[in-house]
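**Student:** Let chain R serve as the given structure and place chain V on it in line with the hints.
The lines below spell out each chain.
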Amino acid sequence: MHKRSLGDLAIHSYFIILCVLFTLPIVAVVSVSLSSEADIVNWGYKLIPRTIDFSAYQYVFADPGQILNSYIVTLFTSIVGPTISVFIMLMFAYVLSRKIFKYRNAIAFIAFFTMLFNGGLIPKYILVTQYLHLGNTLGILLVNGLVTVWYMFILRTFIQQIPEEIMESAMIDGASEFRIFLSLVVPLSKPAIATIGLFILLHYWNDWMTPLIYVTDHKLYTLQYLLQRILLDLQEYTNNMNNLPSDMLDSSKIPGETIRMALAVVSAGPMLFIMPFFQKYFVRGLTVGSVKG
Amino acid sequence: MVQKGKKLRYSLFVFVVAFSMLLAGCGGGNNDSKESASSAPETSKAPAASDAQASPSASGQTDASQLKPVKLIWYYLGTEDGDTEAVFAAANKIIQSKINATVEFHPMSNADFKAKMPLKAASGEKFDLTYTADYIFTYLDNVTKGAFLPLDDLIDQYAPKTKELIADDIWDAVKVNGKKYAVPNTQVQNRQSGFLFKKDIVDKYNLKDQVLAMKKMEDLTPIFEVIKKNEPGMFEIAVPPNYRKYEVTTKEDYVEQPVLKVPVGVDYDLKVINLAEGKYKEEKLNDYKLSREWAEKGFFHPDAALKEDMNAIKKEGKFFVIEDNFKPGVEADSKQKWGYDVYGVPLGQAVLSTGSISAALTAISRTSENPERAMMLIELMNTDKELLNLLTFGIEGVDYKKTGDDSIEVIAEKPYAGKAWAMGNQFLAYTLPGQDPDVWEQTAEKNKTALPSPTIGFSFDPTPVKTEIANLTAITEKYRLILTFGTSADYAKIFDQEIKEYQEAGLQKYMDELQKQLDAWKATK
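Quick mapping for you: the protein sequence lines, in order, are chains R and V. Going by my numbering, the residue at position 86 of the first sequence is 130; the numbering climbs one at a time, nothing skipped. Going by my numbering, the residue at position 75 of the second sequence is 83; the numbering climbs one at a time, nothing skipped.
Hints in this document: simulated from the structure, not taken from any laboratory. The structure presented is a predicted model; accordingly, all values stated were derived computationally and were not measured. Watch out, some of these pointers could steer you wrong.
Unchecked claim - Mimicking DSSO-like on lysine-lysine, the simulated pairs with C-alpha atoms at most 27 Å apart in a straight line are:
#, chain 1, residue 1, chain 2, residue 2
1, V, Lys14, R, Lys146
2, V, Lys269, V, Lys224
3, R, Lys263, V, Lys79
4, R, Lys263, V, Lys422
5, R, Lys168, R, Lys263
6, R, Lys168, V, Lys128
7, R, Lys263, V, Lys128
8, V, Lys259, V, Lys183
9, V, Lys393, V, Lys76
10, V, Lys15, R, Lys143
11, R, Lys168, V, Lys134
12, R, Lys168, V, Lys153
13, R, Lys90, V, Lys326
14, R, Lys90, V, Lys323
For reference, chain R alone in the conformation it holds in the complex (with noise of 0.2 Å):
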């Protein structure tokens, strides 16, 4: 029997500060969505609501039609996206991790570049939709971010870890590059494919600046700028107040806080959720690509 020391009671009690300092916000975040804003004006936030109070909801959700598109076209992106993503990114590794390739240091060395440099706002908006005509498309929101030079470094770490000579003994059997990836690195690599996958996961399902810039169909925007949008344009009403015709500022539409609250939930909730899942991955995954051997 382990003797319970002072030394573990202080352990464990910093330790439970630590977690109540870190779950007691979110539990203000859900509590202040429930409640009613006048509620919030007279008593200021309160971890348990005075009043349950659905209100915040209702105004989030006024528009069932363009949330439940919204929310579809973001599954979309955040499930297909990823997916390319991490593929793409995998292969551009694999070639790279392959000493027999001749050309890999120049390539690597490009790639290296383009995380040196970059267009610009204005000519990147140019070429999309001049050029690619991708302005207003679900391909924009799919391309956009597809690849970050980054990750795929982080990737061919983790792949040159993986010993040569069993690539070799499968050429040796006869088997294509392709099927050496397919076989041999892809069920190799997953705490690697599982990390940076989530990290690209945050990155779709959280994007809202792409629409912002590059959509104005309104079947097309993702959820996060749906809700990102009443944020700025609240943002602009406030700023500008003085300046404003008085009839452009319909107060009933300036979100108050609860409104606020909600729209944090309803962006960060399904999140909230996966992440726990992602869990064991990650914690290996997070030396991913960082020693070698």
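**Tutor:** Structure of chain V alone, referenced to chain R:
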């Protein structure tokens, strides 16, 4: 041997990369670079090809059948509520019959507009008409970058009625270097501060006469004391006393501040004045003294000096007095905006300034392929009552029903909602319940009689004194809430400290630059 080959390949590679970077940097010559060097707008870009279209008669009225059918694209502020497809289709029927054009309407929310329009303009995207203002997709910025076409000839030829509709000094406000680059959307163009008092409280304590008779901030103190005593849960007022803003009633006393957060003004002789000395300093000290008194008596919201966003509290009706732009019909507007009845009391005087006029403008993009047709559309939006109301209120019988010749009531649950001031002539719009039937006549009258600011048409170029302005603004912000909401009894000392900091930050330099630009502008008038 292998080493040499490798080295050669690498150096060749680096050379190629460096060369391409050089090309990319030089490239910008034509229209797509945001940092276009041209400060003078490109008048030559106006497509010469469109001259070949129908030649208009002297009055600008053209026969629709003579014109080629074209498509116009229009971006403006608005929402996508309601059945926009039906409304736009109906609008296009009218537009087609009058000028043989189909219009693609693009209402955008504030945030969208702010993010997307600069990109569209900078990338040279083709569109025809756009909303612009002094606070979003800034008019002056875009004129400098050459994004808008000069409109003088087009207005004379294709929009003569609109030209007559708008007074000369309002046209002056949109002139840059003598040319007009946008058409002001006719709406309330003067600004006058007003205090809105909660009607139910005023009536409850029989304060109506006192409230409506108030002229100066001090008049409010006894009223507030009554409220404080009997309504402990309420906050009396959301804004601090400000002589310059609320009590100036004569032209002689009026001073325009080109940069709001810098205490320097311009009077009617176009002379630059330091607002932190002399009689202006006295005024400010009085303001702060009254603020202190009000703060001690608890008339302000306790968080007033910390928090700017009081909207939620205002919506709950916890303030006895709130401030807003006073225009004919403000009571009805306020009822819609805040949800309760108010008495509105106008303060100071109505002023026409470049800012208030540039609050709503329509411009034609230099990438437009049909600027004449675009101008004809502007003429329609400013003169055709049917079209304007269709695009503002929707379809009769579906979104609204008529309650009189010119008054309507909204009947749809999720009605189509357009903003007349974002598209054309607000004065053609029908009136809503709560608005006086002659609210537009009153507003037009007010526009005419408002005091025109001394600096209409003058745009201050801040680049030579950018650092000074930034520093001065920072100082103002540092002390503003402390002084204006009376949080300290030592306000006189703090104010002196602030003045000292202004001097050190380059207040004189800013004033000299401002005077220089004003004198130069005065000479061109």
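**Student:** Decide, hint by hint, whether the structure agrees.
**Tutor:** Checked hints:
Distance restraint check for Lys14 of chain V and Lys146 of chain R: the Cα-Cα separation of roughly 12 Å lies within the 27 Å cut-off, and the hinted pair is therefore satisfied. As the CA atoms of Lys269 of chain V and Lys224 of chain V are separated by approximately 23 Å, the hinted pair is consistent with the 27 Å bound. Proximity of Lys263 of chain R to Lys79 of chain V is assessed by CA-CA distance (about 23 Å); at most 27 Å being required, the pair is judged to hold. Between Lys263 of chain R and Lys422 of chain V the CA atoms are separated by roughly 19 Å; this keeps the pair inside 27 Å, and the hint holds.
The hinted pair formed by Lys168 of chain R and Lys263 of chain R meets the criterion: a straight-line CA distance of about 23 Å does not exceed 27 Å. The suggested pairing of Lys168 of chain R with Lys128 of chain V holds, with an alpha-carbon distance near 12 Å, which does not exceed 27 Å. At most 27 Å may separate the alpha-carbon atoms for a hinted pair to count; Lys263 of chain R and Lys128 of chain V meet this at roughly 21 Å. Under the criterion of a C-alpha separation no larger than 27 Å, the hint pairing Lys259 of chain V with Lys183 of chain V is consistent with the structure, at around 24 Å.
Straight-line distance between C-alpha atoms of Lys393 of chain V and Lys76 of chain V comes to about 25 Å, which keeps the hinted pair within the 27 Å bound. Under the criterion of a C-alpha separation no larger than 27 Å, the hint pairing Lys15 of chain V with Lys143 of chain R is consistent with the structure, at around 20 Å. Taking the CA atoms of Lys168 of chain R and Lys134 of chain V, the gap is near 17 Å; set against the 27 Å cutoff, the hint holds. Distance check on the hinted pair: Lys168 of chain R and Lys153 of chain V sit about 20 Å apart at the alpha-carbon level, within 27 Å; holds.
Our distance criterion of 27 Å between C-alpha atoms is met by Lys90 of chain R and Lys326 of chain V, whose separation comes to about 20 Å. For the given pair, Lys90 of chain R sits about 21 Å from Lys323 of chain V by alpha-carbon distance, which is consistent with the 27 Å threshold.
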